[in-house]
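Residues per chain, in single letters:
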Amino acid sequence: MKKKYRFLFLLMVFISATQLLFAQVQTVTGVVSDASGAGLPGVNIRIKGTTSGTTSDLNGKFKIQASNGNVLVFSFVGYDTKEVKVSGSTLNVTLQESVSKLNEVVVTAFGIKKETKALGYSVTQIKPKDIDVVGQTSAVQALQGKVAGLQISQTGGSAGGGVDILIRGITSIDPGRNNQPLIIVDGLPVDNTTFAGNVLPSSGSNATGSNEQFNFSNRAGDLNPDDIASYSVLKGAAATALYGVRAANGAIVITTKKGKKGKPKVNLTLNTTFRDVVKTPSLQTTFREGNRTTKIPGAVIDPSQPDGYLHPGSFAFYSWGVPFTDDSFTMPDGSVIDLSHDAFHSPYELFKTGVNNQLNFNISGASDKFNYFFSSNWTRDNGILPNTKFDKKTFRVNAGYKILKNLQFNTSIAYTRTNSVRANGGDKSVFSSLSYWSSTFPINDYEYPDGTQKNYTRGIIDNPRYFLEKSNQKSNLNRWIANAKLKWDPYKWMSATYSFQVDNYSEMRNRFVPPDLDVGTHVHGFIVDENINYTGLESDLLVHFNHDWTKDFNTNLTIGNQVTETQRNYNYIRGENLNVPGVDDLSNTINTFAGTSLTRLRNVGLFYSLQFGFKNKLFVNTTGRNDWVSTLPDGNRSFFYPSVSASYVFTQDLFKHSSAFTFGKIRISWAQVGKGPRFGKVGHYFISEPNFPFNGAGGYRASTASGDMNIQPEKDNSFEVGTNLHFFENRLRIDYSYYNTNVTNQIFTVGTAYSSGLSGVTRNAGDYKTWGHEILVSGDIIRSDNVRWEVYINWSTTHGKVVALPEDLKEIVFFGDRITAKAKVGDEIGSLYGWVFQTTPDGSRYVGSDGKWVITGSDNKGYFYTGTNQMVKVGNAFPDFVSSIGTNFTWKNLSFNFLVEWKKGGDVYDKGYRNALRNGNLLETQFRDQERVLEGERDDGNGGYVKNDIPLMITANSYYRDWNNYNSAAEVLLKDASWVKLRNIGITYRFKVKHMRSFDVFASAHNIILWTPFDGFDPEANYFGAGTNIYGFTGLTVPLSQSYTFGVKFQF
Amino acid sequence: MKNILKSVVVVLLITLISGCGKDFFDVNVPNTAVDASKLSMNDLLGPVIFHTIYGQYSAERSFGNYAQNFVGQGGSAAGVTSVSGTWSDIYLYTLPDLKVIRDKAEEVGAKHFDAVAQILIAINLGIGTDSYENIPYSEATQASNNFTPAFDTQESIYTAIFSLLDNAIAELEGPDNSGYAPNSSSDLIYHGDLTKWLKAAYTLKARYKLHLINKEGAAKAANEALAAIAKGFTSNSDDFQMTFTEKTINPWYSLEVLAKHTGNYHDVICDHLVSYMDGTSFPFTGGVVTRDPRLPVYAQTDDGSDNYKGYVSGGQGVSGDGTSANTDFKEEGYYTNQASPIVVISYAEALFIKAEAEFLANGGTTTSVGTTQSGYDAYLAGIKANMAKLGVSSSDYLADPSVSMGAANLKLQNIMKEKYIANFLNPETYVDLRKYNYSTDVFPGLALPADNDQGEFPGKWFNRAQYPSTEAQRNPDNVTANQKSPVDPVWWQ
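From first to last, the protein sequence lines stand for chains A and B. Counting the first sequence from 1 gives a position; this note's numbering is that position plus 1180. Counting the second sequence from 1 gives a position; this note's numbering is that position plus 627.
One should not assume that every hint holds.
Interface residues of chain A toward chain B, partial, derived using beta-carbon atoms under 7 Å [to be verified]:
hint : residue
1    : Thr1701
2    : Arg1817
3    : Phe1874
4    : Gly1876
5    : Ala1877
6    : Ala1933
No wet-lab data here; the hints were simulated from the structure. We treat Cβ as the ideally placed atom computed from N, Cα and C, and that holds for glycine.
So that you can see chain B by itself, here it is in the shape it has in the complex (with noise of 0.2 Å):
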């Protein structure tokens, strides 16, 4: 017995001096991860503005599709869509970090860097909103503490934005001495000019103010817009962009022209797109300009020819006139290069939304002729805000008798076309279609996809994104209560 113990008692010394001390086992963190202490705003804030820029990206994939600007290959119309990457971006990459800044901006009292924060949460929101319609927010991204988030209506989304984006100019206004502020390499839109965060606060309260015409009346809604673009962009240089680099290139250009060139699925120009800028649905009568200078930079033809053909949408692969379609991406077009920027407001937007609101404000409707001076002027300034943007002379253009009609011959088709035009790629275009409910007044032209009667929903437009599959699937009951079919309208519409 004795033997035994003492072998017992080897064996406890072995097993002891093999340690089981605790920083033996201290080895489950990830090598990568980075305590939140040791983190800056800056260090949180690029990546929060590449996901803000993604996200209308995702969205813009299968609205731009809807709006018709693009069609898939073949001319093929985008079905039902949830634009999960949207959503992916909005709360998991987004929202959640900018409460992390926010959170570090009110420790030290860094009340801009709280109000970039919050104008970044009020493009997120409006981007889900204008999806979806009702989404998560008052109780989202509580992570643990909240694991089905009840949905929040878009009133009150809309209401949040207002408040947020109105926070966020009373700070940009006030003082901040905390020495903290975005620097210029994290802050990917402005690189730090804080003056330029601002005026982009008022801009994006004006659009979407502008977006409640239908629930708000015409006029009060236009008005507010007003007074809030007073203090909006004033030059291109303005413009809420993200601009790629040949290292991290544009996903547009990945997906439109690098997969052409090789021969792959991508998608080609809509035939409605065209149709605005070659003279067909609206007929340039000075005989100088028979089609706009912008569509070379949008648009090319199979065979570099001037006749561009757009894609019919639904149209397998026709053209307008019956005969082949021939128009794809510009292979290096503004928009369509490595390093092209992703837009998601403009000081041309900006023009566009005075002269929209004017026309309204004055009591236009979606037929009557005629606005103010302001108006018409906001309305040739932004045609020559976006053309300079992209590099085109506008004096031709604007020559036009069918564009420069006069402020007494003006009518809201011609501000949405020229709005519609200069927002290429740009998912607000869905918020206009949405907003005016598809009116061939206000767009003339615009038409069900060809192949519509054979679908889901024949005569019906798609109004919506379906929630994605993950939030259905783990957050049932709220998705249950919320989702409505894709062809129903959104609140505001």
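With the rest of the complex left out, here is chain A (with noise of 0.2 Å):
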């Protein structure tokens, strides 16, 4: 047993010794045995009142010397504590796992376990079986809607792509830096980077950054969603102030599972889950593809003619066309076009059910030495998109060895392997044709015999079909994280553990582009292929003293130093100009461009943890690191930031005797954090010129990027206060934080006007402060041992503003566009900048003599577009709130699960929704070539306003692609993103089959049910990858996904 663990035992023994009993003594013998009926090792038995007892040995097996009437204590870290009083010579005992929150141990920083009780902050720990991970191919994704604070995205529905994560909103306001929390790993943190790398080609692409390219992965998506034993999640600065610098934004401990006492145990699951798209925008269906102007058809489908189709007009893009209950249409010469045949055909054809096979096996056991654990996972799974896929293989071998009495050795060995093939976003991909394309023709006719591109628009845009097969980006990842880690206790009150920790992976990437689709087009086609290889070493050492002075009061230390060091070697080589159209091979293209880039933090921390508990009901904790950061400049590298906290448990003091009021505990915490900058980024250098060697001559400029030279480190000062309240013999739980932290000296990239001779300087630059509240409620509406039924409910919400900035800084700005994402001083973060429509003094839409809506930015100059600084907040991307609800249930072999999200508010702009809209493809625009008059006010000629009755035919031109009038307007553009989505839908039956523990038949289903008033998809899915920092913006990317899942798990 550990020690931290001892003064609860005391405290028992201490109890019990009040009532000790004297009687006949006999042999007693059975077994402990859990929920599933397998034995439990290793359990205490002790009997009450008396100093005496055992523990069951690895069958579950135990054998004790009691009187019948004793009462035995049966306890077991993770089960409730049992009582049962003797009566007769065996007695077996079934133990429940442990849902009450009272006596949990939680796993805090550098995996020390802590009871909540004497924790001044908020942890919130989940254990895999009360969330869904089957049929994930995330572990963390898993979490989502589950913890109070935090809040999981997934950026795509490319099987394997990026997940978001964000815990109590962002914290750092740099536009280039990401807000993701530290992903720790049985103690250990592991890289969670999404790297974008470069793969833009040199000319004819119109994307800001390669992160809207691909739905990249976030490297937690590594670990195997079945190995893990439990999560943690450190919210506040408080919880991770040990971790320092990379833990500004919150941590995930991940505990993973280990071999117990017991006979080997063998666990095997096969499922199967079968993805659809989710949602998709509203088409409009009755009219065909024709110009805008003339409605003269640019393409008819035709197979007599050379390409399959006539043209009888020159332009076929737009879906401004005849209705398709029109058979034909006279040319303005007189000719007659034959339309008979036309129909409407769903673009959305092109979506297909993506198929999900997982096979798990895991392998477990203990001796009194030796413990071990084996599992491998292999997954492939075919997307929702042709010719796209995800393959992921892992294997862990997590083992320990207890080398003397003393001295406890333990390793493990992760290794997984990723390939999967891509489909692009964002510019010029698949989805932005897609938006653009007219349903008048059928989505997967494609390619003629030949192999080349069919295509009605004679190449304005791309067949999205055709890009899905000819172009994507594959990639191949192979990842080792192996570790060791020694346990030293050489007296009661001291320990030491020293770990160590190499992460290394390797990954491979191919991006093939062909000469026919619109990127490549401006180079011929071009290939990149990237070569990324990280490798990450830890070294930790903790110590740890604990003293009891007196009775009541007694004090744990931890020092600790740690060293890390982080090393991204990426490199790439982009060739342009194919000679050969179809061949992914650098030796087809003609001229080629080649990068390397090294990126190297290395950072110590030497820290310190002194925690005072005082009749085990008031504890005081507090913490202090020294860092020294690598990227800092050399005079500012080293500071210092302490932290307090402090929890008591008032029940035991002011409601000693209530029986309903089980449980009460407020805490308070007051942390600091401090941060540094990104790699590189102090100081001004000269690069070597991308476009050189140039016909014989190298060349190099002056980076247009500089760093001030005496950057301080960025400061975080939260303040947390919150309390946990059990009620009813802990049936009912309330956990509630309220956080505000106050973030100064931000650092961050500062774009500057070019004009400067610098796009942007890094420096201390403004501070910000974010707040927000917390809120879970758990219950156990029924207890029983057949029947188990508990209902838990979460509610945040995270705030962030600008609170300062420097003078010659007037706003942030994050992404630009028809909506900006900008902050200014006074701004909450997240929020929106667009054009708005002008309104008259009472509010109405303003209608100009034309009948049209007047847009604000629009000024008399007559241009509005120069510039965002005539925009006016016009929304936030974040929402106010966001909460769940859920339940899980037993009854005897049957478990049922269910999770409902309910994210509230949060505006986003739909990146393809205004190419749709101007090429006349969505559902808004069947109402056409009608009159409308506008909802508004006109001039009444005499100074004032009246509703209007200007009628307006509504077209194409006059209407839905005019920018001056409509479609730059945010009331067009920005929509609210809200949703309530089922989350999850499960259920499990347990049979009971001789020779196995058990074997289990499952099902279940993800985002089923998605309630939203945003038309377009999912909106949930970001436009930009994991790991950036632009919220608000959506589309253009591979839509999310709705799952089945079906399976069996075998144990024994």
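Mind docking these for me? Both chains are given alone in their own frames, and the hints should help you get the complex.
Set out below in structure tokens:
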């Protein structure tokens, strides 16, 4: 037993000592088993009121000398303690896994286990059995909706695609920096980067960055969800202060499974998941392709033509033609075009059902000296788009050996291999083409017999299916994480742990774009081969001391040292100008560009944590950490930050005799965390000009980025207060937190006017604060041996506000478009700006004499698109609150769960919406060539306003395509992306089978119900990849899917 | 307690061993970074020239459409532009590095290198001010010393241009014993030939002088231009141009030819250009020539026929005669093959500058007839030089009476027509159009895009580019103070 629990047992002994009983002693034998009937080894069995006891053996069997009438207390970590009166010589006991959070032990920073009651900050621990990980390819995604204050979003529907994780919103307003929490596995950080690389051609792409091009994976996805024993979400700075710099955005602490004493246990799970696109934009089904002014068809399907289309008009691009019901079209010269075979073909026939097959196998066990856990996972996923896939294989060995009585050695090796083929998103992609596609033409009719592209537009847009078949991004990743830990317990009051870890992966990526796709045209096709090699080394030394000064007062001290070194070696070769159009080989390219970058970070931390415990009800903890960070300039490299937290269990003093109020604790904390800039941001250098050598000349130029040489570490000062209240013997539990964080000296790259000669300067710039509330209410509605029914509700808000900016910086622009994500002083983070319709004094929309609305930025100079300074605040990308309600229900062998998540508020701009609107594809454009009196007020001629009565003929040019009066307005573009989702619903039936521990059959469904006012693809998918800092944009990415999973699980 | 202390000491020792040494943390310099002290002037020169050329190209992508050299696929006329590539090329990739070159040149007394840098600054300021009117210069590119540079008026930018060119001329005409000079590989224009840089400085000075006819008076501007052009280019080999390679392909080839090859969006040849070259606007009268021999060098028809029908700007695909247009960029044309040059200023333009200046200095107006013999000779020499450059025979063309009408019959429109043709894909044409306020006396047949009446600025020509959005967002006060409507004339107009 670990020393930290010693005082618990002392407490038990103390209580029991008053109730000594004397009776006839006999030998009692029996078996302690868990709910599945498997023997539980190592269970503490004690005669209540005495100090005598025993533990169960490997098979859960025990033998104890006790008298009839004695009460045996069975206790085991993670299970409800059970008291059974002795009556006879045999006694079989079933222990239920603990739902009580009272004496729960949670994993905190550096794998330090602490009782929840001693924590002065908020930690939420989740067990995989409480969440539905089956059928998920990402271990972190499984936490969706489970933890108040933790927001997890898929950034796209590619299997293995990135998952964006935010704990308490964003704390870093640097648009170039991510706010992802630190991921810790078994006490050691693992890399969770989403690396976009450089996949753009040297010309011909309008994409602002590579991060919008593919739904790149975040590396936490390499974990096998089935290996996980528990998650702890450390939310505030007080919880993560010991981790320092890298955990400034919180941490998710994952513990993997270990072999437990007993017979070897074997688990085998097989499951299949079917996925479909959950939601698509509504389309008009009435009108065919045709010119936006003349309605002349640009293309009519006609197999007798050389290219398969008759081209009466010159420009087949728009869906502004005549109704499908028209069987002919009379050309201006009087000739008649036959349209009798036209029909609506849904472009969403592009999508197919994705199939994910998984096989999970693990075997584990332990003896007195040795424990082991081995697992393997095989995943094959064929995506919802043709020619996309994601395959993953993982192996893990966790093993431990007790070298000496007080010396324990643990090691784990995890290997992951992923192979994926991904579809292109963003600018000039499959999805931008899809947004333009006219439903007049079957989307899957995409190539001629010679393999060339069949395209009704004659190349103005790409055929999305052809794009998918010919151009994609392949990735091949191998990752090893290996670590060794030595734990030495020389004295009862001291222990020391040393851990070392290597986290290494190499990924090869290949993007191929043939010359006939829009994005490849300007360079006559291109290939990008990328090689990413990451190595993270981690060395942690922790020494723990504890001492009970008196019966009521004890201290725990931890001193530690952490050395971290990470290095990312990235190189790419981009070949352009293909010799043979279809060959994906760099030697097939005429012009090659190459680049390499080496990103190195080094960090040394020295820290302590000192906890005082008083009477097991008042705990005060203080920590301090000094960091030395390589990304800061020499003189400012070292910085110290402290934290202090306290918790007080008041029920022992105030509600001692209340049976309803079981447990109450208040907690309060203050913490500071420091942060350095990103790699290589300090100073100003010259770099090799990317287009050189050119014609024999080499060339260098000044970098357009510069960094302040006197940059100071950024400091987050967090205050948190919260309470845990348990009622009715822990059956109703409430956990509430309020936090606020002031971030001072924010470090970020301030975009500068190019006329300064620089595009950006990295420096300390401004203060920022965040605050929010989190509530978790859970209750056991039924808790009996046969039936357990738990319901839980999460609710949280997060807000962030820019408090101050330097005088020369008016605003921080995250991303500029017709809707621009930016923030000025006083703005909430996530603010979105745009142009709006002009209004009259009473707030009605102003209607001009032409019957059209007017956009405010469109001033008398006649232009408004030249800058964003006339834009006004029109929304916010972040939700007002996020809430979820879930339930776990077990009745004998049947268990059932569901989880509904509700995101209220949060606005998004769909980057594909305007294309589809202007092209006449959307349902709203079905209203056309009819008059409409726009709602609003017009001038009454006397300086006042009256209700508008000027009819406007609604056409492509007069309305939908008119950016001066319609489609540049935020009212048109920005949409409320609130949603309610049935995240998952699942049912499992457990069969008892001979020679098996159990045999489970399960079925579940994810995201099958989505209610949202947003018309488009599921707005949860961010336009930008995971790990960017830009929110409020969606669309043009692989859409999210709903899924159905079926499987079986064998346990031996 | 003793044991605790002992353990603390052990921990501290291990910590110290694990190394907080300074070297351990000195890993924050990107592997691609180079210190300025290690770079020579020549190391910086190539990229500066490359971006100077790209600045011209980016501007012409919009202005070539405004000037009706070409139009978008289907005949579309360009809308409001901010030619943001040009802005970046000027302020991020040329002016800062030219400043470094000048500092280095000053250190070692490399006057000739300094002169080359000043000429390049003048060219960049020229394309900048001619695109946007007022632009930052005196407060620009001071890095962290000024993040919101004020803008200088176009007038003061022109003053700066002349001062830079005059300084460059003085330095190039003077001695330089420093031993530093542009070398043949880094000098992507003249490969180290400083006599050509000197001629370029004079030619550029003439060009910018002639821009000011509406400000300084036509005669004064023209005479100053004539004084400069006398020491300007003397042959086609003097042309200020950068030649691309099959490896780094010419962007016009990429934009217009490759895109078309693969059925993608590209520009097409404008009817206005074709009308100047096929006898429509300037009918041939000699009976021998029916078409300018340069037309097949610039353009080709869809069906390979000789019947070139350019796209009417904003005409939705029709040609000037109402039938479907058919004319694209030439696939292996002089300006549209992989290794084509991009020209900043040519010998032919120098001759047309002379012809235009002679015409104006002689009291010529947009409608007057007749010029000096020297002006007429320059006009003919300009045609000859341009045709020689493009590799076509000029004898038949020059023999046509509509071309060789004699000094007494020469009109400004004849000079400007030839300058228009010779400066194909050169943003200087857009200056000429604005300088004469789109006069159809000077540019017969020039008309607003056909769909102009449906656009945002009915009846108006675009006269400028808008400041790029990055500048508007990050230097808003100065942008607001200088921003005008895209149809407002610039100062010299």
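Structure versus earlier hints, numbers of those that do not hold, lowest first: none
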